[in-house]
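Undergrad: Taken in order, these protein sequences are the chains called R and C.
My numbering puts the first sequence at residues 1 to 269.
My numbering puts the second sequence at residues 1 to 285.
Don't read these hints as lab results, they were simulated from the structure.
Among the hints, erroneous ones may be present.
Rough simulated footprint, nothing fancy, chain R against chain C, three-plus residues with beta-carbon under 8 Å [what the hints assert, rightly or not]:
{"id": "1", "stretch": "51-61"}
{"id": "2", "stretch": "126-132"}
{"id": "3", "stretch": "176-185"}
Between beta-carbon pairs, the in silico distance windows are [claimed, not checked]:
{"id": "4", "chain 1": "R", "residue 1": "Arg-256", "chain 2": "C", "residue 2": "Arg-193", "range": "51 to 57 Å"}
{"id": "5", "chain 1": "R", "residue 1": "Pro-112", "chain 2": "C", "residue 2": "Thr-172", "range": "37 to 43 Å"}
{"id": "6", "chain 1": "C", "residue 1": "Leu-8", "chain 2": "R", "residue 2": "Phe-45", "range": "58 to 64 Å"}
Some, not all, of what chain R presents toward chain C, calculated at C-beta under 10 Å [as the list claims (entries may be wrong)]:
{"id": "7", "residue": "Leu-14"}
{"id": "8", "residue": "Pro-29"}
{"id": "9", "residue": "Leu-55"}
{"id": "10", "residue": "Val-68"}
{"id": "11", "residue": "Gly-72"}
{"id": "12", "residue": "Gly-73"}
{"id": "13", "residue": "Leu-76"}
{"id": "14", "residue": "Val-178"}
{"id": "15", "residue": "Leu-180"}
{"id": "16", "residue": "Pro-181"}
{"id": "17", "residue": "Ala-191"}
{"id": "18", "residue": "Pro-217"}
Keep in mind the model is a prediction, meaning the values are calculated, not measured.
Yeah, the Cβ is synthetic: ideal placement off N, Cα and C, and Gly gets one too.
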Amino acid sequence: MRARIAVLALLGALVLMPYLWMVAASVKPVSEIFRASLSIWPEQFAAAENYGKVLARVPVLHYLWNGVVVCGGILLFQLLFAVPAGYALAKLRFPGRGIAFGAVMLGLLVPPHVPALPLYVAASGMGLLDSYTALIAPFTISAFAIFLFRQFFSALPDDLLHAARLDGMGEWSIVWRVVLPNAWPAATAFAIFSVVSHWNDLFWPLIVVQGHEHATPALGVLYFRSEEAGDDFGAMMAAAVLMTLPLVLAFLLAQRRFVEGIATTGLKG
Amino acid sequence: MAGALMTLPAGIAYLLLLLLPTLATVLLAFTDYELGATALGWIGLDNFREMLADRGFGVSVRNTLVYVGLVTPVSILGGLGLALLVEAGARGRAFFRAVFFLPVVSLTVAMAAAWQYLLHPTIGPVNAALRAMGVGTPFWLSSSDTVLLSLAAIGVWESIGFNMVLFMAGLTAIPRELYAAAEVDGARGGFDRFRLVTWPLLGPTTLFVLTISMIRSLRVFDTVAVLTQGGPNKASEVLLFTMYQQGFTYLRLGYSAAITLVFLAVVLALMWVQTRVLDKRVHYA
Numbered sequence: 001m002r003a004r005i006a007v008l009a010l011l012g013a014l015v016l017m018p019y020l021w022m023v024a025a026s027v028k029p030v031s032e033i034f035r036a037s038l039s040i041w042p043e044q045f046a047a048a049e050n051y052g053k054v055l056a057r058v059p060v061l062h063y064l065w066n067g068v069v070v071c072g073g074i075l076l077f078q079l080l081f082a083v084p085a086g087y088a089l090a091k092l093r094f095p096g097r098g099i100a101f102g103a104v105m106l107g108l109l110v111p112p113h114v115p116a117l118p119l120y121v122a123a124s125g126m127g128l129l130d131s132y133t134a135l136i137a138p139f140t141i142s143a144f145a146i147f148l149f150r151q152f153f154s155a156l157p158d159d160l161l162h163a164a165r166l167d168g169m170g171e172w173s174i175v176w177r178v179v180l181p182n183a184w185p186a187a188t189a190f191a192i193f194s195v196v197s198h199w200n201d202l203f204w205p206l207i208v209v210q211g212h213e214h215a216t217p218a219l220g221v222l223y224f225r226s227e228e229a230g231d232d233f234g235a236m237m238a239a240a241v242l243m244t245l246p247l248v249l250a251f252l253l254a255q256r257r258f259v260e261g262i263a264t265t266g267l268k269g
Numbered sequence: 001m002a003g004a005l006m007t008l009p010a011g012i013a014y015l016l017l018l019l020l021p022t023l024a025t026v027l028l029a030f031t032d033y034e035l036g037a038t039a040l041g042w043i044g045l046d047n048f049r050e051m052l053a054d055r056g057f058g059v060s061v062r063n064t065l066v067y068v069g070l071v072t073p074v075s076i077l078g079g080l081g082l083a084l085l086v087e088a089g090a091r092g093r094a095f096f097r098a099v100f101f102l103p104v105v106s107l108t109v110a111m112a113a114a115w116q117y118l119l120h121p122t123i124g125p126v127n128a129a130l131r132a133m134g135v136g137t138p139f140w141l142s143s144s145d146t147v148l149l150s151l152a153a154i155g156v157w158e159s160i161g162f163n164m165v166l167f168m169a170g171l172t173a174i175p176r177e178l179y180a181a182a183e184v185d186g187a188r189g190g191f192d193r194f195r196l197v198t199w200p201l202l203g204p205t206t207l208f209v210l211t212i213s214m215i216r217s218l219r220v221f222d223t224v225a226v227l228t229q230g231g232p233n234k235a236s237e238v239l240l241f242t243m244y245q246q247g248f249t250y251l252r253l254g255y256s257a258a259i260t261l262v263f264l265a266v267v268l269a270l271m272w273v274q275t276r277v278l279d280k281r282v283h284y285a
């Protein structure tokens, strides 16, 4: 069993290598980085310079805030659309139910890159490019979310719903006040999946955003690299650290939920 | 009727944001539409003919296949190995799971920048280490010989923890009694247990991880867009990056849509193969 820990430690160190060097370079002065020495520990600390440069040159907090707005907006609408639809597909009989479920299954097959071109043309035609709307709207409908909630809601006992109906609750209030509170595991799993994928997304923001105002963290890193950093790897790494930190911190605080969330939702990328 | 009403908002959003745009992409692929043009012409299969004739597109497809061919097996075998290793004992389980999973939740663009520094030909720590060992120092991301390999290494690093977590979920679903039964039947070492119980029962999980890994690596875009822009000399040009460039740099939306359809066709084919094999072969339950 000693061997197991030794092998894991070695592989773990390998996986962590980029983080170690990223953080190390972010506190080293340029001259030291260019000497390419193999010591991770800096001889001179230049943290204030590097991080100061990033914070002074680009609106880091604004990028992070944009990330929060975009991911929050996407998640909110995904839940608003998918939770009632998932409930209806799981527990109610209505005309067109079969077609609706077929549409969900069809939607599962389509990667988000496929509708991107027409959505771009539409956004451009409506003057919506470079706006929160353009960043959020295309992802508000998630066939995967509907599917996931339908599966989860199907397992809820019917007695629970009968009792609520006997109490005189309508179907809409049952969805939000009975079904959703009983579905927190599915909801948190989906929330984590959704936030992780949209926080990290580059493809769509790169297409619709043009300036700093609506740039997400991923774009922020890209802008800083092309406009400010040049060969200044210290400042570049400082920017990378600042943008990576929020989600990594959230992960470290709730790692079991993250891993479970991605494992349950990973059942579909 | 409440049911129909409850699916209505989702239905409208689905129609406007998913179904119609997807159909529009399909139609666009048969036109010569360029962004900003006032008219568009139906050109039938011309876009696809151009694709076949275009050497750049051929290179892009080849690069994508090489990338998928490198990342998929390594990240699956690696993910399985890590899952078995982490699950084999209680000590350090949560810690190492977190370590290997970290790249999955890290901002890809930022980590790509970190890799760029790590793999920098002159000041990068990787080459500094190689130099210290007296070995040759490749140009990694800036040489057409090594660029795909470097990108694939980053791809493996990114997805190995994701695959590990999926395999861990599959491992916990295997009933403990089966291992005891296998032991009674004479399975001695760890390898016998793996060959007789773990591997066959992981069949559905493995097939699933295989499909999802291929689709995920087929989608490679971020690292290419950040690190190489398809270069040097198209050596790292991949399908989605070509689609992006044709559509949004050269504004040739019709051609870009045709590339998107090729991408979609490959994704659908992979999913179809998965369901077919899943129905026939690997089902033990």
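Undergrad: For every hint, state whether the structure bears it out.
TA: Here is how each hint holds up against the structure:
Coverage of a stretch by a chain is defined here by at least three residues with a beta carbon nearer than 8 Å to that chain's beta carbons; for the stretch 51-61 of chain C and chain R the count is 0, and the condition is violated. Three residues within the 8 Å Cβ limit are the bar, and the stretch 126-132 of chain C against chain R gives 4, so the coverage statement holds. Interface restraint, the stretch 176-185 of chain C with chain R: violated (0 residues with C-beta to C-beta distance below 8 Å; minimum three). Taken as a hint, the range 51 to 57 Å is violated for the pair Arg-256/R and Arg-193/C, whose Cβ atoms sit roughly 27 Å apart.
Checked against the hint of 37 to 43 Å, the pair Pro-112/R and Thr-172/C fails, with Cβ atoms roughly 31 Å apart. The hint said 58 to 64 Å for the Cβ distance between Leu-8/C and Phe-45/R, and at roughly 59 Å that hint holds. At about 9 Å, the closest approach between the beta carbon of Leu-14/R and any beta carbon in chain C falls short of 10 Å, and the interface hint on this residue holds. With its C-beta approaching chain C no nearer than about 13 Å, Pro-29/R sits outside the 10 Å limit, and its interface hint is violated.
Taken as an interface hint, Leu-55/R does not check out: its beta carbon lies about 16 Å from the nearest beta carbon of chain C, beyond 10 Å. Below 10 Å, beta-carbon pairs count as interface contacts, and Val-68/R has none with chain C, the closest being about 14 Å; its hint is therefore violated. Given the 10 Å rule on beta carbons, the hint for Gly-72/R is violated: about 17 Å separates it from the nearest Cβ of chain C. With 10 Å as the threshold, the beta carbon of Gly-73/R stays out of range of chain C, its nearest partner Cβ sitting at about 14 Å, so the hint is violated.
Here the hint on Leu-76/R is broken, as its CB sits about 13 Å from the closest CB of chain C, past 10 Å. Checking Val-178/R against chain C: minimum C-beta separation of about 14 Å lies over 10 Å; hint violated. For the restraint placing Leu-180/R at the interface with chain C, the shortest Cβ-Cβ distance is roughly 13 Å, beyond the 10 Å limit, so the hint is violated. Taken as an interface hint, Pro-181/R does not check out: its beta carbon lies about 17 Å from the nearest beta carbon of chain C, beyond 10 Å.
Using the Cβ-Cβ criterion of 10 Å, the hint placing Ala-191/R at the interface with chain C is not satisfied: the shortest such distance is roughly 13 Å. Evaluation of the Pro-217/R hint against chain C yields a held restraint, the C-beta minimum of about 6 Å falling below 10 Å.
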